[in-house]
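*Asks:* This is what each chain is made of:
2 protein chains.
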Amino acid sequence: MPELRKDPVSDRWVIISTERGKRPADFKVEKEAEKTGFCPFCEGNEDKTPREIISIRKPGTLPDKPGWLVRVTANKFPALIIEGDVNRKGQGMLDMMSGIGAHEVIVETPEHVMHLGDMPVEQIEKVLWAYKQRLIDLEKDKRFRYILVFKNYGSQAGASLAHPHSQLIATPITPRYVKMELTNSRLYFQQKERCIFCDLKEQELGSGERIISENEYYVAFCPFASRFPFEIWLLPRKHYAGFQELPDEERSQLAIMMKDTLSRLKVTLNNPPYNYVLHTAPNPTPRAGRPDYWGTIGYDYHWHIEIIPRLTMMAGFEWGSGLYINPTSPEQAAKFLRDAIV
Amino acid sequence: MPELRKDPVSDRWVIISTERGKRPADFKVEKEAEKTGFCPFCEGNEDKTPREIISIRKPGTLPDKPGWLVRVTANKFPALIIEGDVNRKGQGMLDMMSGIGAHEVIVETPEHVMHLGDMPVEQIEKVLWAYKQRLIDLEKDKRFRYILVFKNYGSQAGASLAHPHSQLIATPITPRYVKMELTNSRLYFQQKERCIFCDLKEQELGSGERIISENEYYVAFCPFASRFPFEIWLLPRKHYAGFQELPDEERSQLAIMMKDTLSRLKVTLNNPPYNYVLHTAPNPTPRAGRPDYWGTIGYDYHWHIEIIPRLTMMAGFEWGSGLYINPTSPEQAAKFLRDAIV
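First to last, the sequence lines map onto chains A and B. The numbering used here applies: residue 21 is where the first sequence begins, and numbers increase by one. The numbering used here applies: residue 21 is where the second sequence begins, and numbers increase by one.
It should be emphasised that the hints constitute simulated quantities derived from the structure, not laboratory data. Please read all numbers here as calculations on a predicted model, not as lab measurements. It is possible that part of the hints are untrue.
One copy or two, it doesn't matter: identical chains are merged, so the pair holds either way.
What the hints assert, rightly or not - Once the Cα atoms are required to be at most 35 Å apart in a straight line, the calculated DSBU-like pairs of lysine-lysine come out as:
id, residue 1, residue 2
1, LYS212, LYS160
2, LYS199, LYS212
3, LYS78, LYS109
4, LYS85, LYS42
5, LYS212, LYS109
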């Protein structure tokens with residue numbers, strides 16, 4: 021019997037089509053065609069990208085020269101542009117705004133081919149450091165309401181370059197999905213004086229059937245109303261609204277969990293294309309240390325990372341309804357991921 | 021300069037990346053691999069599908085035998101199942117419902133290979149007739165809140181069988197995207213005592229820059245805040261909330277417009293994969309003829325068909341934000357489609 025399930029955070033229903041009960045081997049993952057030719061993200065080609073914004077470098081090396089370990093630059097083909105004011109205007113009943121924003125690339129390693137799950141923990145830490153620094157810097161820009169950090173791995177997941185990289189886009193509006201999560205988290209807090217994610221985490225840890233792995237600071241699980249087969253949420257156990265709050269001493273634990281989770285995904289599903297998205301509070305992010313923390317918009321949010329392997333196709337039904345049909349229950353998916361040998 | 025634009029109906033912002041300004045030839049459309057082998061939708065294989073629900077047949081032929089021109093059956097692998105009650109239950113903070121619904125297939129023609137734009141108008145009329153009959157029948161089922169009719173064309177658009185067919189899924193909830201459109205249409209009506217789609221149609225006809233084609237009863241245009249390159253909306257000029265209201269005498273005009281629009285898409289973009297979705301009022305649909313018409317939920321809605329060619333990839337940014345980056349402005353897209361020779 022199929023089930024309709026509702027995600028408590030986004031208020032989104034999904035159809036869990038248990039009969040179909042697709043197992044990992046039922047998903048065909050096409051082998052990525054090897055991309056040869058010039059790569060602007062490889063060491064030595066620093067002059068082929070916009071100038072470097074921040075980096076971690078070997079001692080004695082210069083910006084925009086070889087010797088970096090992680091490197092952030094503006095996107096050469098930005099979806100939104102950084103210079104200008106946010107002008108709002110109407111045209112009859114239609115509304116528009118100038119396309120102001122930041123679009124940056126975080127090159128994760130000088131190595132051209134490298135799965136994040138195969139990187140040394142220290143390298144992943146550097147990537148996470150870069151995310152945090154860019155969020156802290158960009159949230160100061162009063163024009164931006166939100167900063168979305170994401171990664172596309174594999175051409176089927178929208179990556180146009182194979183070299184390991186993440187991106188971020190800062191927008192002058194709070195994006196639609198983010199707004200829904202914020203609204204529902206706030207509503208929940210108003211009713212209960214508790215964070216919806218903290219409660220969800222407790223319930224998931226209690227039942228255990230959707231848990232993939234956990235350590236002292238983080239927990240990874242397949243959400244109850246997973247839109248996609250093998251969807252994973254990675255959540256800090258402590259309540260932090262914004263990723264900017266991530267204490268330096270917890271960063272290595274997060275890197276360990278990301279490595280573990282993405283390795284499990286790679287092993288279980290034969291190196292599938294995937295996206296991950298950092299879901300964090302909007303700007304300006306409330307900080308736990310601030311005296312006004314529990315009274316600021318967004319304090320009732322809880323940052324987390326959502327990982328989506330790209331195994332199924334969006335079709336007319338999903339486009340028209342926003343209702344997803346997931347052929348693998350999260351309980352099954354979690355078991356496969358839990359049992360993976362990494 | 022890129023632009024942020026908001027769709028007035030769904031309240032959805034999109035990024036129109038005018039710099040990228042992708043033209044039809046910039047989109048690579050892969051040629052569909054020819055699928056040989058057994059087809060359960062071909063004439064003579066009627067016993068390989070569930071029994072026929074309705075059909076249009078040559079005189080003297082029998083149900084579930086050859087001789088049909090359009091044929092509707094249940095989906096052999098339904099996402100939701102028809103038998104049972106809609107049971108709602110909670111599990112701690114999580115909510116679920118039994119997966120009750122209808123999932124049907126409308127086989128559009130006995131011919132195995134046929135683009136809808138190449139069908140005779142009379143054949144398309146038969147398909148539209150079938151949509152209407154199934155909506156009228158299924159809306160009587162009190163368990164269903166909504167019926168979504170859609171078509172997937174091409175494997176990249178999610179079609180698993182090449183034989184021309186549409187599908188419908190009736191759900192015990194009003195899907196998320198539908199609900200947003202209904203909420204906004206209602207809000208607009210409450211403010212203005214006018215239908216938002218009627219106003220939008222007038223503004224589009226007035227400016228003309230996004231219009232593709234029109235006839236006495238219908239208008240096709242690229243919406244101002246198109247999520248996807250070459251997205252098309254096909255709207256009746258008269259106000260009808262539900263597709264069930266479509267008068268028989270207007271059906272041929274709609275068939276002509278569908279043929280015209282889909283042919284333009286095929287010619288302009290080299291036969292791309294596409295989805296279309298019928299957006300109609302929820303159950304029970306208010307009818308213009310009924311005395312309570314202008315006081316019923318959904319009367320302020322206006323049915324239309326949304327056509328989405330599948331030319332771009334959803335990536336991490338879209339999954340995380342719900343904000344789409346469209347590399348072709350609707351004004352450019354409409355011009356290409358308008359100029360297409362069909």
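*Asks:* Run every hint past the structure and note whether it holds.
*Replies:* A quick look at each hint next to the structure:
In this assembly of identical chains, LYS212 and LYS160 lie within 35 Å of each other by CA distance solely inside one copy; the values are 32 Å within and 40 Å between copies. Taking CA atoms no more than 35 Å apart as the test, LYS199 paired with LYS212 passes in both settings, with 20 Å inside one copy and 26 Å between copies. Taking identical chains as interchangeable, the C-alpha atoms of LYS78 and LYS109 are never at most 35 Å apart, the minima being 48 Å within one chain and 57 Å between chains. For the homomeric pair LYS85 and LYS42, the shortest alpha-carbon distance between copies (33 Å) is at most 35 Å, but the shortest distance inside one copy (48 Å) is not.
Proximity of LYS212 and LYS109 under a CA criterion of 35 Å is satisfied inter-copy only: 21 Å between copies versus 39 Å inside one chain copy.
In summary, the structure is inconsistent with hint 3 from the numbered list given earlier, while agreeing with all the others.
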